[in-house]
Amino acid sequence: MDVLALILVCPVAAALAALIPSNRWRPWILPAAAVVHLILVAVILLGGGATAKVPGAPTTGSISVATTMAALPHTGQSFAQKAAAHHSGGIIFSDWLGLDPPGRVVLLLASVLFVACAFYTVGYLRDHMDHLNRLFCVCFLAFLGAMTLVICTNNLGLMWVAMEATTLSSAPLIYFKHTKKSIEATWKYLLLCSVGIALALLGSFFVAYAAIVHGLTPSLRIADLLRQAPAMDKRWLEAGFVLLLVGYGTKMGLAPMHSWLPDAHGESPSPVSAMFSGALISTAFLMVVRSQHILHVAGDGAYASRLLILLGLLSMAFAAIFMVGQKDLKRMLAYSSVEHMGILALGLGIGGIALLGAMLHVLTNGFTKGSLFLSVGNIDRAYGSKTIPEVRGAVRRLPLSGTVFLLGFLAITGSPPFGPFISELIILYGTFMAGHFLIAAAFLGLLLIIFIGMGRTVLTATQGSVPAAGRRNHFRDGILSGGPVLACFLIVLLLGLYIPPPVWGLLHHAAHYLEVKP
Amino acid sequence: MNMLMLIIVALGMICSGVPGLFFHRRSAAGQRLGAAINVAAAAVGMAVVLFHDILPMAAEVWHPAGALPMGKVALSLDDLGAWFLLPIFLISALGSIYGLGYWPQRKHPADGRKLRLCWGLMSGAMVLVVLAANSIWFLMAWEIMALSGYFLLTTEDGKPEVRQSGWVYFIATHLATLCLIAFFVLLRVYSGSFRLWPTEVAGLPAGPLAALFLLGLIGFGFKAGLVPLHVWLPAGHANAPSHVSSLFSGVMLNMGIYGIMRVVVIAGRPPIWWGVVLISAGVLSAFLGITWALAQRDFKRLLAYSSIENIGIITTGLGLAVLGLSMNHPIWVALGLGGALLHMLNHSLFKPLLFMGAGGIMHGANTRDMESLGGLAARMPAVFRLMLLGSAAIAALPPLNGFVSELLIYLGLFYTLHGSTAAPWIAWVIPVLAMVGAMALMTFVKLTATCFAGQPRTAAAAGAHDPDAAMLGPMMLLAAACVLVGAFPVLLTGLLDHAIAAWVPWPQSPSLAGIFNFWWITAVAVPLLIGTAGIAWWIHHWRRGVREKGVGTWDCGYAAPGRRMQYSGSSLMQTMAWMFRRILWRREKLPEVRGIFPPAADYACNTPDPLLDRVAEPVLKKIGNILESARILQSGAAQLYMLYILLIVLILLLIK
Amino acid sequence: MIMILNAILVLVILINLFALGTSRMKALIHAAALQGVLLGLLPPLVVKDVGTLPLLMAVMTILLKGIVIPNMLLKALRDAQVKREVEPLIGFMPSILLGAVATAVALALAGHLAPPHSPLGLLVIPTSISMLCTGFLLLTTRVKAVTQVIGFLLLENGIFVFGLLLLSAIPYLVELGVLLDLFVGIFVISIIIHHINRAFASQDTSRLSSLKG
Amino acid sequence: MKTLIAISLQVVLLALLPPLLLGIINKTKAWFAGRRGPPLLQVYYDLLRLMKKNVVISSTTTWVFLAAPLVSVISVLLAGLMVPLGPMAAPIHFTGDLIMFAYLLALGRFFTTLAALDTGSSFEGMGAAREVTFACFSEPALFLVLLVLVKLSGTPSLSAMLLSASHVRIGSTASAALVLAAVSLFVVLLAETSRIPVDDPNTHLELTMIHEVMVLDNSGPLLGAQIYASSMKLLILAAFLLHVVLPLNPALVGRDWGIMLAGLVAVAVIIGAVESLMARLQLRFVPTLLVAACLFSGFGFLLIL
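Sequences listed follow chains W, R, H and Y, in order. Residue numbers for the first sequence follow this note's numbering, beginning at 6 and rising by one. Residue numbers for the second sequence follow this note's numbering, beginning at -9 and rising by one. Residue numbers for the third sequence follow this note's numbering, beginning at 255 and rising by one. Residue numbers for the fourth sequence follow this note's numbering, beginning at 149 and rising by one.
Keep in mind the hints are simulated off the structure, nothing from the lab. Backbone N, C-alpha and C define an ideal beta-carbon position, used for all residues, glycine too. A hint or two may mislead.
[As the list claims (entries may be wrong)] Simulated restraints on C-beta separations:
1. R:L467 with Y:M426: 49 to 57 Å
2. W:T184 with R:I613: 31 to 39 Å
3. Y:A427 with R:I613: 32 to 40 Å
[As the list claims (entries may be wrong)] The list that follows gives simulated cross-link-like pairs (lysine-lysine, DSBU-like), each with its CA atoms no further than 30 Å apart:
4. H:K329 with H:K280
5. H:K280 with W:K185
6. W:K185 with H:K329
7. W:K239 with W:K332
[Claimed, not checked] A few chain W residues facing chain R, derived, Cβ under 10 Å:
8. L140
9. V251
10. M262
11. V329
12. T418
13. L430
14. G458
15. L464
16. Q468
17. R476
Looking at chain W on its own, in the form it has when it is part of the complex (with noise of 0.2 Å):
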């Protein structure tokens, strides 16, 4: 049973941890656990068993987005009648245990990511001898669980649970730095994050309701809801909806209930920024997934997508106001994460091809942020600051992390030939497609707003020469620092130009089973 292991890795690992004495070498587990999880995330992905093939899901080796896009139809529905012979085909459906097919993706995800900024994290701490690491690694380690925890289950309590248990231990995380700044960013965080998360509970509780308003026996099994969707109570349905969308959404970064996260991931240290926008998010946004799946299959998707779409490009208006003239980096790029949520959100609520397209986002950003983060980190130990015009010249004063920052950047803010620039296209294209031409318009304004915001700040802190503030401490890009940052942009990189074959699979087969109607 690999996906009990996949979740066992994490407090086993936490508990050695706890008990390693020596802060040098402690870090050292988390780099380890990453590789073993990352091991077994790709057991489970290639093996066999976990992965049933979709008729009509490319598996050839010639797969592309044009292809893809002639051979689907205007709607969606297509893949509805494709796969839905097979929407349970892959998934597994113990009592507890499960990973559907967008938890594939957000999964991959995690574990990659945690794998690069388990080692950024080592050189990391290592420049923070003088504070005591342990609650630190412990934490690390029991976020990663609790977000394989939320991915890997199957019944929304226990996904509430572990979606809380997310926020709970890596708000020490938040606080690593003890500053005045960071104690307040942890309250809010912790305060905002648990309300909002205490909405989705009552939302999931609706949602069981509404099997019970209709007489139907109650469950929170992902399997039994969506077998029951059509017979359910559509007020409660909705009503729950409501709640689970504003919950976690909350959770994602969604406007307006997003204030927690320019906070959160300006203050703390940022591989822990890294994996709350890279990897944390997106699994809430994996939440939001599920929720409107089943909305879907209750025939009532229209209603999800008119709530998606709106919140989606208030996301993107509020990331607009924010971006422009912002000083501080690692605020921006928080803002860049509200903006890419919203775009999220955008791709959901369209549906059809941009499903496609939102899935492919998921990885393209969530990796994107990875590398900026930890650029930006990298620029923040070298200049001893994170906000302009402090930082200026990053480019000369750290060649590599300043420029991927500049590159990944422009990768984020949808120029070819990145990752995330494909996928923003399939979502435009699903968006015309769709017929929202205003909606497109408004996505395009929308883009343009932040990259000339988000322009003006990176230029800046990249360009021109090095103050002499800047050049004190002789940090200096290195394995541990350096390494992290070039890979995540490798990533993106390799996903705006090649697609593995196995990748495109996993993206094909969420997309198929998000349209499914059984």
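Starting from the known structure of chain W, arrange chains R, H and Y on it as the hints suggest.
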């Protein structure tokens, strides 16, 4: 076969800057190697393109194994594309040679390698833009071109003005890219595939077709620098290293034209209003461009604005061709498109020549301000001769190349006067073009005279000297090309006819040679050349006998005419500046002169780009302020954030 | 049976209003504790056959919500030496009124919300809604950290009450998980509050607004 | 054979006639002034004298200064070979030669102005500035005239359209258009050859002159070449004008050569008359005059649309 070679060429160009990265930051070897690679690649590419009608050039499509997000790597080349490839190869190669003397690694250890890396990237990407037969692939190449272009413009990113101009370019190019993304996705929606360049959309209703045209026109117009989308162009060209400016002006603007040329035929026979829009945009750009050019003091800004003018002329020709398509006049098509294509090629010959000359001046006198130059003719005779020739060429004077292409466009416009369905209203363009021509002549008289004629106005100018062979060589080559094309245009008619045939959606396309007899141009040009050569010979043998030493210019009785009293460029165009003050919209600081014995007063006047200075920047500032004021939404109070959550729950619950 | 249930629910609602009205934070915490105990009594009342698990649940709930968590908060209160909630963003009288109105509306809608054949009366859903509103009121209008935590507590209680409707559906594992999360959450929060005290020399969260824009 | 004669005749006339026109103009002006004036052939004598003279060249100048007069002679000569002097087509005629014609004149202007600025004298700079500025307004006028002619004749070739212009019936709108075109062409002629009211060829206030001041530093053969070139320009444009107004008919060769010569003389006399009767315009009004010329021919074009 050919395609494979071209791909190798493109990759060679893209990588030409890479070896340099591994050499020491002051060693010239990397630079030489890079230039060598670039030149070799360009030579091969040039050969393939020029002789591709000997070797068959089938549109080849590549299917590499594995999943590529952009689908098949579909590359193809038709004769129109081939025509656009020529300047890319030529200027990229010559520019990298020029760089050896102009931007030597040991003088620019900080940014030399970055420059050459992006130079290669941009050149190769432009080749790929032309080869691309799949829109995602096209977008990738396009954006690589645009972004490496940005890093080229901001080579000296230490200087604030460079960063500022680069910033404007950055916004403009991204706006263009977004338009193009929208354009291609729409095209995909209507044509059903990412294949370029489709004519499946022929049957579309007017609405979507208009959307496609406008998106394409704006997206590509930004790159081409059509007014009012030109805002990035002047400052960008002025602040870039000169050979970079020549690559931009001589080649990258063509990519915009290329795109527009492809867009207008997506629908088979275009609607009439497309042609009208193009012609209007063209004439507007030509007129405003030359007016603004005339007013510049910075000679690189002047050249940049004259690029806008030439792009305008090219677009006018293209618009005529489009009208020819929609109104079914083969002659208009042949003359309009032929003139446009030829003028584009010519512009890619004399504009780089002029920019390289400008680089030579900066190399010698180290300033971009014409008013502080003068008397360079005696000090840098080689650059003077080359710039003079370039100026004559760009002022469309026979026997040089600029004249031939403008003649074709004029002739095409004259042909709109008669024929079955004449459209005389088009002909009103002619007098405007004539005025533009006269103003172009004035502009370049101003340029050459103020920089080279008379006596040096400053010590810097007095100490100027000719640059070395690495810089002069490419310029001489370009000058020779200008004369050759000007005197023997017949050499190009074959290629031109092929290009036109590739563009026209008709089964049989009109041939230029059938409409206009290019030998007449040769017939007039050759005597002129011989005459000029004779004069040169005569001067060479006659002048030294008669020149009396120490005889100054006749000063009309005024005993001591100082050097700064020479007629300056500004005074040369003072009348025009006054007449066109509304268009120029300059910023003037008039001196306060009062009383019988007024105190010392000073007068300052500069001519920023009106649209950028008075429209674009204020608007952006305003938007920025609005967004700034919206930031209170995130005031830092957790209670407020809670309220947001509560409110959004209620709102969403109420939405039905 | 239903009678007792309803009686308890009414009591719970009254506690809400009191929580909105009082400015003395000790009293507030005690009220929350009392509410926790009352809620703890509910599950055994609801389920048909009172087995060990429901009893365990009840005990756990009473233990955590009634004793442990309140004590943690009292401790936080002690080392902060704050007695009263001063100048809330909305005064006490208005917040009571708001709470009352919300409860009234909930009760008015009870007919629509409750299922036709509900085993446990009309009162459950309105109660939980009124508790949610109370929680949000405390969270949005009070500035002292502890008060906001109690608001969060009331919010959770409201959800707990709603949970009564589908005790059969929710596995006890989940119930326990929820309780555990709540406990750990409050625990971590009280630690943070402790640090806030140390860093800002006050519990006033309105000072925590340096991160903006 | 006939064409050969015509061509050689044309070349000869083109080469020899120009100074005579200047002579006629001067004579007319003298007659108006009540003087006897210089002999008709005075300009020829002057040119010969200048050819024999030595030249003084400012040490500021470069080869451009020497080349300019000769380039302008060559360019004007070539332009002249495109305008039919008689009833025959000009030696050089092809579709589109009208554009070549205009730009050859521009070539001459380019070099003359450059040479003027080459001396570094502010006075000559002033002249150059005025020359190029006014050209910006005379060019459109010229092209509008060409528009009218092309529209009427239906061919964009100089010889063809000039010869066919004569087939227009008197009194038709076409003839009206022709008249308007002729008027604006006459203004262009005055401007291009820098006569009153645009410029005063024989004032000696440098501040007020255009062409004269540009050649201020030329001496000897160079000055001669300049004078010769400008007089040839006068001849060409006069011939152009005559073709627009006179009904020439290729059938009767002999008569037409006569008419042509008479016409040239007439034009010269008219110019002389204008110069003696009118005052020179203020410089700032010259553009207005040229714009008026544009309007004339533009209106003519409107008439025949």
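So, going through the hints one by one against the coordinates:
Between L467 (chain R) and M426 (chain Y) the beta carbon distance is about 53 Å. The supplied range of 49 to 57 Å therefore holds. For T184 (chain W) and I613 (chain R), the Cβ-Cβ distance of about 34 Å falls inside the hinted range of 31 to 39 Å, so the restraint holds. The given range of 32 to 40 Å is broken by A427 (chain Y) and I613 (chain R), whose C-beta atoms sit roughly 58 Å from each other. Restraint check for K329 (chain H) and K280 (chain H): satisfied, since their Cα atoms lie roughly 10 Å apart, inside the 30 Å limit.
In summary, the hint linking K280 (chain H) to K185 (chain W) is supported, as the alpha carbons are separated by about 27 Å, within the 30 Å threshold. Taking the CA atoms of K185 (chain W) and K329 (chain H), the gap is about 22 Å. The hint holds against a cut of 30 Å. Note on K239 (chain W) and K332 (chain W): the hinted pairing is violated, with a Cα-Cα distance of about 46 Å set against a maximum of 30 Å. For L140 (chain W), the shortest C-beta to C-beta distance to chain R is roughly 24 Å, which exceeds 10 Å, and the interface hint is violated.
A distance limit of 10 Å between C-beta atoms decides the matter here; for V251 (chain W) the minimum to chain R is near 5 Å, and the interface restraint holds. Hint on M262 (chain W) holds. Least Cβ distance to chain R is approximately 5 Å, under the 10 Å limit. Hint status for V329 (chain W) relative to chain R: holds, with the closest Cβ pair at about 5 Å, below 10 Å. The closest approach between the C-beta of T418 (chain W) and any C-beta of chain R is roughly 8 Å, which is under the 10 Å cut-off, so the hint is satisfied.
Interface hint status for L430 (chain W): upheld, as the beta-carbon distance to the closest one in chain R is roughly 7 Å, under 10 Å. With its C-beta approaching chain R no nearer than about 8 Å, G458 (chain W) sits inside the 10 Å limit, and its interface hint holds. Checking L464 (chain W) against chain R by beta carbon gives a least distance of about 7 Å; that is within 10 Å, so the hint holds. The restraint placing Q468 (chain W) at the interface with chain R holds, with a minimum CB-CB distance near 4 Å, inside the 10 Å limit.
Below 10 Å, beta-carbon pairs count as interface contacts, and R476 (chain W) has none with chain R, the closest being about 15 Å; its hint is therefore violated.
Violated hints, in rising order: 3, 7, 8 and 17; the structure is consistent with all others.
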